[in-house]
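A.B. asks: All chains, please: the whole structure from these sequences, using the hints.
If you read the sequences in order, they're chains V and S.
Residue 1 is where the first sequence starts when you use our numbering, and the numbers rise one by one after that.
Residue 1 is where the second sequence starts when you use our numbering, and the numbers rise one by one after that.
Just so you know, the hints here were simulated from the structure itself, not pulled from any lab data.
There's no promise every hint is true.
[To be verified] Now the in silico label distances, taken between C-beta atoms and shown as ranges:
1) S:Gly226 to V:Gly79: 46 to 52 Å
2) V:Arg66 to S:Asp255: 40 to 46 Å
3) S:Asp27 to V:Val62: 52 to 58 Å
4) S:Asp20 to V:Arg10: 31 to 37 Å
5) S:Gly124 to V:Gly79: 55 to 61 Å
6) S:Asp27 to V:Thr4: 56 to 62 Å
7) S:Ala216 to V:Ile63: 25 to 31 Å
8) S:Asp123 to V:Thr73: 51 to 57 Å
9) S:Asp140 to V:Val61: 49 to 55 Å
[Stated by the list, open to error] To list a few chain V residues with every Cβ distance to chain S over 10 Å, as calculated:
10) Pro5
11) Gly15
12) Val16
13) Lys17
14) Pro19
15) Ala20
16) Ser22
17) Arg28
18) Ala54
19) Val61
20) Thr71
21) Gly80
Note that the Cβ used here is the ideal one computed from N, Cα and C, for glycine as well.
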Amino acid sequence: MTRTPLPDDRLDLRGVKCPANSARALVRLEGLDAGAVLEIVLDDGEPVETVPAALADEGHVVIDRRRDGATWTLLVRAGG
Amino acid sequence: MSSIYLDNAATTRPDPCVLDVLRRVADEAHGNPASTHAEGRAAALVVERARAQVAGRLGVPAERLLFTSGGTEANNLALLGVAWEHAARGRHLVTSAVEHASVLAPCAWLERRGWSVTRVPVDGQGFVDPGDVVSSLRADTVLVSVGHANAEIGTLQPVTELAAACRERGVLFHSDACQSFTRAPLGDGAALPDLVSLNAHKLHGPKGIGALYVRAGVVLQPLLHGGEQEGALRAGTPNTPGIAGFGAAVGLASDDDSPAIAVRRDALLQRILDAIPGVLLNGPRERRLCTNLNVSFPGCSGRALLAELDRRGVRASRGSACSSGSTLPSHVLTAIGRTPVQADGSLRFSLSRFTDDAEVEGAFQALLASLDAVRRAA
Numbered sequence: 001m002t003r004t005p006l007p008d009d010r011l012d013l014r015g016v017k018c019p020a021n022s023a024r025a026l027v028r029l030e031g032l033d034a035g036a037v038l039e040i041v042l043d044d045g046e047p048v049e050t051v052p053a054a055l056a057d058e059g060h061v062v063i064d065r066r067r068d069g070a071t072w073t074l075l076v077r078a079g080g
Numbered sequence: 001m002s003s004i005y006l007d008n009a010a011t012t013r014p015d016p017c018v019l020d021v022l023r024r025v026a027d028e029a030h031g032n033p034a035s036t037h038a039e040g041r042a043a044a045l046v047v048e049r050a051r052a053q054v055a056g057r058l059g060v061p062a063e064r065l066l067f068t069s070g071g072t073e074a075n076n077l078a079l080l081g082v083a084w085e086h087a088a089r090g091r092h093l094v095t096s097a098v099e100h101a102s103v104l105a106p107c108a109w110l111e112r113r114g115w116s117v118t119r120v121p122v123d124g125q126g127f128v129d130p131g132d133v134v135s136s137l138r139a140d141t142v143l144v145s146v147g148h149a150n151a152e153i154g155t156l157q158p159v160t161e162l163a164a165a166c167r168e169r170g171v172l173f174h175s176d177a178c179q180s181f182t183r184a185p186l187g188d189g190a191a192l193p194d195l196v197s198l199n200a201h202k203l204h205g206p207k208g209i210g211a212l213y214v215r216a217g218v219v220l221q222p223l224l225h226g227g228e229q230e231g232a233l234r235a236g237t238p239n240t241p242g243i244a245g246f247g248a249a250v251g252l253a254s255d256d257d258s259p260a261i262a263v264r265r266d267a268l269l270q271r272i273l274d275a276i277p278g279v280l281l282n283g284p285r286e287r288r289l290c291t292n293l294n295v296s297f298p299g300c301s302g303r304a305l306l307a308e309l310d311r312r313g314v315r316a317s318r319g320s321a322c323s324s325g326s327t328l329p330s331h332v333l334t335a336i337g338r339t340p341v342q343a344d345g346s347l348r349f350s351l352s353r354f355t356d357d358a359e360v361e362g363a364f365q366a367l368l369a370s371l372d373a374v375r376r377a378a
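C.D. replies: Okay, structure coming up:
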């Protein structure tokens, strides 16, 4: 069984609209070393529908996603 | 004739790199940062990169920094936004006698609508005594606002001490750091004020862009309505090129600039003191903003002296640009005890990282010639 890695940093994007949420996540990931893991907390709906794809487009990898009611928690590994 | 620009406290010349950023972003990131299409996403990324850059320099989380149209709007938002939000709890504010017009005018506006405002005095060098601020606090005080660096005389207020004193007593503390940002440390973490006003054009960035830091948990009412931008605290399409230019300007401002600027400022002061009898330095020698020099010339009209300097290519000022044209003596110089005549004979020279030794010497020689011309004409 693969263990879920502990995040190196955390970003709470609840209440932040699209596309500012994607942009903030990308800026935070730009500041991390390649391979570091960022935990991102997101609202359900458009944010969780768009942010993971926007991060993937820039080479970051969503390695886990969990839902808790109206909130999603993503673990994203920073790309190189 | 090339000019010697020593009015950097009014505004600075944009760094050429900032101008490049403005042009490029206006073209390449022209989308609305709230739009979800590719152009919008590109603009949003520009905005958020700049937000991280400016917030990082202040030492605060990026999400707690909102962009405004400048320092004046940031100050108005801090004062009016807090006053409105907390009106049911209390209607008393504390500020100092030497604040910028964009702090004093909102205070006066609130006073006309039922709030009360205490303006604490300053000493002969422009310093606020934290004890005076503490003793002015009341059960209904909702905000204290004291600027970091005085725009006219450069006095650096003890904001860390003031922030701690206010926090201990459960009162919000705001500081206008438009003059000092990137030039003098404001403190960090818990030592920072709850709200901090910034702008770009004092640090070789573009005009028309500023920011307000709002500590997590501090609630305020917006001034502008009609959009959810900037966390619903500042409606309106963000000025993407200006924001990018602000970020670029912050990135170009080195911590190493300030000591070199202070050396040139001190050299100009020493030349003036050595050559011109009776000159008074307005503001302190120590704990002073590195760019600022303000002196009173005895028996001399500041207005006439300014015009003579301008004729010789030296740009200076008589005080805050937002008060220029006023026939009243400077409220700052009056507050530190200068007579109306001394205040009238005062000039502010404000340097930047682009001011070089030759300009300092050129300004000094022009000052001697200008003084001579003014006194002969009197």
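A.B. asks: Are the hints correct? Go through all of them and say.
C.D. replies: Quick rundown of the hints versus the structure:
no., hint, in the structure
1, S:Gly226 to V:Gly79: 46 to 52 Å, "violated, 38 Å"
2, V:Arg66 to S:Asp255: 40 to 46 Å, "holds, 42 Å"
3, S:Asp27 to V:Val62: 52 to 58 Å, "violated, 33 Å"
4, S:Asp20 to V:Arg10: 31 to 37 Å, "holds, 35 Å"
5, S:Gly124 to V:Gly79: 55 to 61 Å, "holds, 59 Å"
6, S:Asp27 to V:Thr4: 56 to 62 Å, "violated, 43 Å"
7, S:Ala216 to V:Ile63: 25 to 31 Å, "holds, 28 Å"
8, S:Asp123 to V:Thr73: 51 to 57 Å, "holds, 54 Å"
9, S:Asp140 to V:Val61: 49 to 55 Å, "holds, 54 Å"
10, Pro5, "holds, 24 Å"
11, Gly15, "violated, 8 Å"
12, Val16, "violated, 8 Å"
13, Lys17, "violated, 6 Å"
14, Pro19, "violated, 4 Å"
15, Ala20, "violated, 5 Å"
16, Ser22, "violated, 7 Å"
17, Arg28, "violated, 8 Å"
18, Ala54, "violated, 7 Å"
19, Val61, "holds, 19 Å"
20, Thr71, "holds, 17 Å"
21, Gly80, "holds, 18 Å"
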